[in-house]
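> Place chain B on chain A using the hints.
As they're listed, the protein sequences go chains A and B.
Just so it is clear: in the first sequence, position 292 is 292 by our numbering, and no numbers are missing.
Just so it is clear: in the second sequence, position 147 is 147 by our numbering, and no numbers are missing.
Calculated from the structure, these hints are not laboratory results.
Keep in mind that a hint or two might mislead.
These stretches of chain A come out as covered by chain B in the derived footprint (C-beta under 8 Å, 3 or more residues) [claimed, not checked]: (1) 149-158; (2) 235-246; (3) 258-270.
Sample of chain B residues with no beta-carbon within 10 Å of chain A, all distances over it, derived [to be verified]: (4) 19; (5) 31; (6) 56; (7) 115; (8) 161; (9) 222; (10) 238; (11) 240; (12) 242.
The C-beta atom is built at its ideal place from N, Cα and C for all residues, glycine as well.
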Amino acid sequence: MTAADSGLDGGIDPGADPGADMEDVPERRLSPVRLALRRLLHHRLFMSGFVVFVFVLVIAVLAPWLTSADPDKLAMRYRFLSPSPEHLFGTDNFGRSLYSRVIWGARLSMIIGVSVVAINAVLGTAIGAAAGYFRRIDNVVMRFNDALMAFPAVLLAIAVTAVLGPSLNDVIIALGVVYTPRTARIVRSSVIVLREMEYVQAAVAAGAGHWRILRRHILPNAMAPLIVQLSFLFAYAVLTEATLSFLGVGAVPPTPTWGNIMAEGRQYMVDAPWIITIPGLALMVTVLGLNLLGDGLRDVLDPRLRIQQ
Amino acid sequence: MTGIIVSRLLSALPILVIVSLITFAMIHLIPGDPAAAIAGLSATPEQIANIRHDLGLDEPLMTQLVRWYGNLLHGDLGRSLLLGQPVVEATMFRLPVTIGLSLFALVITLVIGLVSGVLAALRQNTWVDQAAMMFAMIGISLPNFYLGLLMIILFAVDLGWLPSGGYVALWDDPLHWLASMTMPAASLALLLAGLLARITRSTMLEVLRQDYIRTARAKGLPRRLVVVKHALSNALIPIVTVIGIIVSLLISGAVVTETLFSIPGVGQLLTQAVLNRDYPMVQGGLLIVTALLVLVNIGVDVIYAFLDPRVRYDGG
Numbered sequence: 001m002t003a004a005d006s007g008l009d010g011g012i013d014p015g016a017d018p019g020a021d022m023e024d025v026p027e028r029r030l031s032p033v034r035l036a037l038r039r040l041l042h043h044r045l046f047m048s049g050f051v052v053f054v055f056v057l058v059i060a061v062l063a064p065w066l067t068s069a070d071p072d073k074l075a076m077r078y079r080f081l082s083p084s085p086e087h088l089f090g091t092d093n094f095g096r097s098l099y100s101r102v103i104w105g106a107r108l109s110m111i112i113g114v115s116v117v118a119i120n121a122v123l124g125t126a127i128g129a130a131a132g133y134f135r136r137i138d139n140v141v142m143r144f145n146d147a148l149m150a151f152p153a154v155l156l157a158i159a160v161t162a163v164l165g166p167s168l169n170d171v172i173i174a175l176g177v178v179y180t181p182r183t184a185r186i187v188r189s190s191v192i193v194l195r196e197m198e199y200v201q202a203a204v205a206a207g208a209g210h211w212r213i214l215r216r217h218i219l220p221n222a223m224a225p226l227i228v229q230l231s232f233l234f235a236y237a238v239l240t241e242a243t244l245s246f247l248g249v250g251a252v253p254p255t256p257t258w259g260n261i262m263a264e265g266r267q268y269m270v271d272a273p274w275i276i277t278i279p280g281l282a283l284m285v286t287v288l289g290l291n292l293l294g295d296g297l298r299d300v301l302d303p304r305l306r307i308q309q
Numbered sequence: 001m002t003g004i005i006v007s008r009l010l011s012a013l014p015i016l017v018i019v020s021l022i023t024f025a026m027i028h029l030i031p032g033d034p035a036a037a038i039a040g041l042s043a044t045p046e047q048i049a050n051i052r053h054d055l056g057l058d059e060p061l062m063t064q065l066v067r068w069y070g071n072l073l074h075g076d077l078g079r080s081l082l083l084g085q086p087v088v089e090a091t092m093f094r095l096p097v098t099i100g101l102s103l104f105a106l107v108i109t110l111v112i113g114l115v116s117g118v119l120a121a122l123r124q125n126t127w128v129d130q131a132a133m134m135f136a137m138i139g140i141s142l143p144n145f146y147l148g149l150l151m152i153i154l155f156a157v158d159l160g161w162l163p164s165g166g167y168v169a170l171w172d173d174p175l176h177w178l179a180s181m182t183m184p185a186a187s188l189a190l191l192l193a194g195l196l197a198r199i200t201r202s203t204m205l206e207v208l209r210q211d212y213i214r215t216a217r218a219k220g221l222p223r224r225l226v227v228v229k230h231a232l233s234n235a236l237i238p239i240v241t242v243i244g245i246i247v248s249l250l251i252s253g254a255v256v257t258e259t260l261f262s263i264p265g266v267g268q269l270l271t272q273a274v275l276n277r278d279y280p281m282v283q284g285g286l287l288i289v290t291a292l293l294v295l296v297n298i299g300v301d302v303i304y305a306f307l308d309p310r311v312r313y314d315g316g
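This is chain A alone, in the form it adopts within the complex (with noise of 0.2 Å):
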């Protein structure tokens, strides 16, 4: 990250289109960042795992646009259609067009997948490099992230909803309760292996204060470990929400999210199987094409964790 900045990483012309010279650069001559994005250009698992991630941000982004029928407007004239080219996914037992409803359903689950990756990567990353880095609060603060931790992750999230209440906003926060000690942990654990390290030493050495030695010389190695976390994450958080949903103490009905289309489905799952299958088959696509991009991530970032060999 660093060489690149400053130029030293053997001569490659700035001005130059970074796709033609990553094919012909021998790798040992490009930066940590370029030699990762050419390894990931060429990890096919991780490149189905970002087409799948990216379709699904597009069409969360343009949901507006993609859909004309209001994804809660009833229209009981129209009940349990089955898939046509008139209503694409058919409808459901209120006569609700099914398309409408899973494409804003997408946009639900990636506004929670962004929204928990968001507070894990301030709030693990604060709370673990403070614990990594101060050996004073590291016992108290991991003893409290244990504690939470040793709660089984959907029955806290139920519990948490339970108290705040079934609302969008508190959905996110009680992911954030359930996910967050688990990125600290990893946070934690690179923070004190990186504390020891000798260019950390002189830093001290030189001067540098907490802050800077903290910003400068430890997070940015810590990063990849946390990368690789953070898109796990968002698939268990996509999951995690889905399930609450689903169980009824996610986001209240009708807002359209997979989790609570397919559990309004699933009285009709015999006469009308489409209004389960299509959302839960977006809900499989979108965890499954998160889960390889986080497998291409660990394979290229942290290849101490690698599976695929």
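Relative to the frame of chain A, chain B by itself:
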């Protein structure tokens, strides 16, 4: 060995104290008046006052905390508002159901996960490996309630092979229990089998690369013997540590599976409690389940120490 058990129990103590503190605090984190939230929108002020008094919410916080721990040490976690039954009794009554489901799912997980993981490692980069890993990837991406719904449509509705509900206790009718639990356990196990297969494969690959494996093969030992005796028995040691995580995920999954298949276990009990704002039940049930999980993890640690002499002689 006793030393390890004692030291693990002692190190779990602070976690249990904080877990109980978090569950105690839960009811006080409800925005606004907890008693009004429990009573619901249509409650009269008298009803709200009654609930406040019954739950002791009208007393100072410290008094409540002292009483919470006092009762906890007597095994009293209050009374469920919905069932009118002591929380401990209600949970303990439902617990065997959840444990039965989880054990069944655990067996399926271990068989599928270990076999496919070992096969994938032995046939690395062949179609067997790729098929096993693709199966594992789909397994970890498939929400268990979605798989459960698809199984109900296929096996209960279309084919009529298995019942989609109707729980019977194991000791009343073992065959019926097996029939009614097969779909729930299988839908619960697939995700975890995928997880276990991936971990088993990478651990096996790691072990198979070791020098002593090459030595064993070079001195002419049959491949089967080397795989089972030298490789698998060593690969199992790190895999044991994953069992604790798997059990935790099983309990999380059981919440949904029990609701989906109408199985009267702890998961269904707690979901109903949340939906009916039965907070004493939510607090107590959560605490009991989590405490049991902590104990399971201690058990896993002890087994790990038993299997791996390095941990045993270091004293953990």
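> All hints, please: hold or fail.
To see whether the hints hold, each was checked on the structure:
Residues of the region 149-158 of chain A with a Cβ under 8 Å from some Cβ of chain B number 8, which satisfies the need for three, so the listed coverage holds. Coverage of a stretch by a chain is defined here by at least three residues with a beta carbon nearer than 8 Å to that chain's beta carbons; for the region 235-246 of chain A and chain B the count is 5, and the condition holds. Under the rule that three or more residues need a Cβ within less than 8 Å of chain B, the assignment of the region 258-270 of chain A holds, with 4 such residues. Remark: the non-interface label on residue 19 of chain B conflicts with the geometry, its nearest Cβ contact in chain A lying 5 Å away (cut-off 10 Å).
In this structure residue 31 of chain B is not separated from chain A by more than 10 Å, as the shortest Cβ-Cβ distance comes to only about 7 Å. Against the 10 Å criterion, residue 56 of chain B stays outside the reach of chain A, whose nearest CB is about 18 Å from its own CB. Distance check on residue 115 of chain B: its Cβ is at least 18 Å (rounded) from any Cβ of chain A, clearing the 10 Å threshold; non-interface status holds. Every CB of chain A is more than 10 Å from the CB of residue 161 of chain B (nearest about 16 Å), matching its label as outside the interface.
The Cβ of residue 222 of chain B sits about 25 Å from the closest Cβ of chain A, beyond the 10 Å cut-off, so the non-interface label holds. For residue 238 of chain B, the non-interface assignment is confirmed: its Cβ lies about 13 Å from the closest Cβ of chain A, beyond the 10 Å cut-off. With a closest Cβ-Cβ approach of about 19 Å to chain A, residue 240 of chain B is found to remain outside the 10 Å limit, as its non-interface label requires. With a closest Cβ-Cβ approach of about 13 Å to chain A, residue 242 of chain B is found to remain outside the 10 Å limit, as its non-interface label requires.
This entry does not satisfy hints 4 and 5, going by the numbered hints stated previously.
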